[in-house]
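A.B. asks: For chain A, the structure is supplied; the task is to place chain B on it using the hints.
Chains as they are written, first to last, in the numbering used here: chain A, 8 to 267; chain B, 114 to 343.
Since no wrong hints were added, every one of them can be taken at face value.
To be clear about the criterion: a stretch of chain B counts as covered by chain A if any three or more of its residues have a C-beta under 8 angstroms from a C-beta of chain A, and this derived list gives those stretches:
1. 137-146
2. 170-176
3. 267-278
In silico DSS-like pairs for lysine-lysine, Cα to Cα no more than 27 angstroms straight-line:
4. Lys17(A) <-> Lys121(B)
5. Lys17(A) <-> Lys216(A)
6. Lys22(A) <-> Lys121(B)
7. Lys157(A) <-> Lys216(A)
8. Lys239(B) <-> Lys121(B)
It is worth saying that the hints were derived from the structure and are not from the lab. Note that beta-carbon positions come from the ideal geometry of N, C-alpha and C, so glycine has one too.
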Amino acid sequence: MALNTITQVKLLNGKVVDLVDWSDQPLFSSVDLQTGFTTQEISLFQYVVGDAVPGFSPNVVTTRTASDNDTNIATPGAMASTEEMLVYALKPECYFYLTDAQAPTGTVDFNTRTYLPDAGPGNNGFPIPTAEGLAVFAQQLILQLEISQKVFAQASVAYFNTGYGVFSANGGSNSAAGGFGNSYGNAGLPSQEAVRSFVIPHHIGGQEKYRVMLINPSDINDGAVSFGIVNSGESSIVLNELVVATFRILMDGLYKRPVA
Amino acid sequence: MAQLISVKLPDGRVLEPSDWTTSEPLYSTVEVGAGSFPVLTAFSYSYGGTVPGSVGPREALLSDTNLQGEGNRLPENEELLVYNLSIEVFKNGVEGDTTAWPDAENPDVPLPDMLRLQRDLLVYFKIAYVKSYTHSPLSYWPAGTGVNWINSGSISRATNGVSGTAVANNGGTSPADMRTLATPLYVAGGESLTVDIEAGPGQVNGLNLAANARMRLRILLDGYRRRPVA
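So that you can see chain A by itself, here it is in the shape it has in the complex (with noise of 0.2 angstroms):
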């Protein structure tokens, strides 16, 4: 527990923030992605609650709608003109679901998503990801937090730990059906001290124009990213065309809200 109550910030260009009503939060937003897209570059916080979560998928999508669950921006795509923030970490989380049973041929539809036991062979565990998908994203996808258009974080996502999450035992897990379970894994250490916080952090002024981007540039598998390694539910581990992954992605750090 910190003893000090800081009151400014003076930033590395000789700006001085001073940090009246300003709080401790986190802004996030979310995307959903099928295995298997391969879409070379993703935006996130460029939408509000009430807009459609964007979604990536090799077949055609319907997405969801957003809710306070997706995200907590006010004005997407920038900060508001009462808003201002000091960014010191991105924190990616991710969760796996399974879509519904038509997913592989015609309309992806996000709004199926799910981890109930009876969605389907191979979700055991979900929402906890499978440590064989996380180590897809690891190698293909890279994170990048662009601010004015100038690219102020990048590198790849496994490079910015979530710092916190499932801290669990070796279960050895069998799935329902009686097979093997997966192999359950997390974005890091889920712990704080895990966590890649930034020495200078990055200011986005009010009104100012920020995203955050996951790029996939990568040569394998023909750019498709296929991170849908689970337990087909009996005796076999396979490749799972319904296996989707939300991604919430938070910029954390000093946060300054809007006055009501």
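C.D. replies: Okay, now just chain B, sitting in the frame of chain A:
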């Protein structure tokens, strides 16, 4: 939350890192296969160049490197203050001997192969062609990134469901696990920089890879970086 205003180097120079970032490490990739190979030089190419050691060789993408310019040197409008080398390892392709150890799902690295890489690979960080600023094994530079595994005893697809496997990361997955230099290494704009990967025995002995399979080593130079101005 304290703000860094200036950094004084051991030679007395003072850097004022306005317009610098600590969240955009410079990275470059080389690929290691089975059998003997020459010294593989990371940062010897830029985006669009060819990846040393790769099959083909293949063209470098943003997932391989974010170095701009012609390679082998830092662009004139950048500066770098390196506090960490961090090395991620990914396996692409299948094992050569299917009876030695249950194969892992790409891009996970089977535990014995990671140990072989850590044992036999040496890392040399060179600045301005003057000297090697590091000379240490791969294991000395933990990735500080990667998947925190929870092994449930699951079977693997790579073994066609016959068995499970055990995989390994190059060290811990947390930034706290990285090896931080007490005295950072400064690279000026336009100065040459390379990281050489060399196998002490001339190869990674026992590395269990098929002919066209590779271990991808992505080397991150982490610290303070002055970026190109837009």
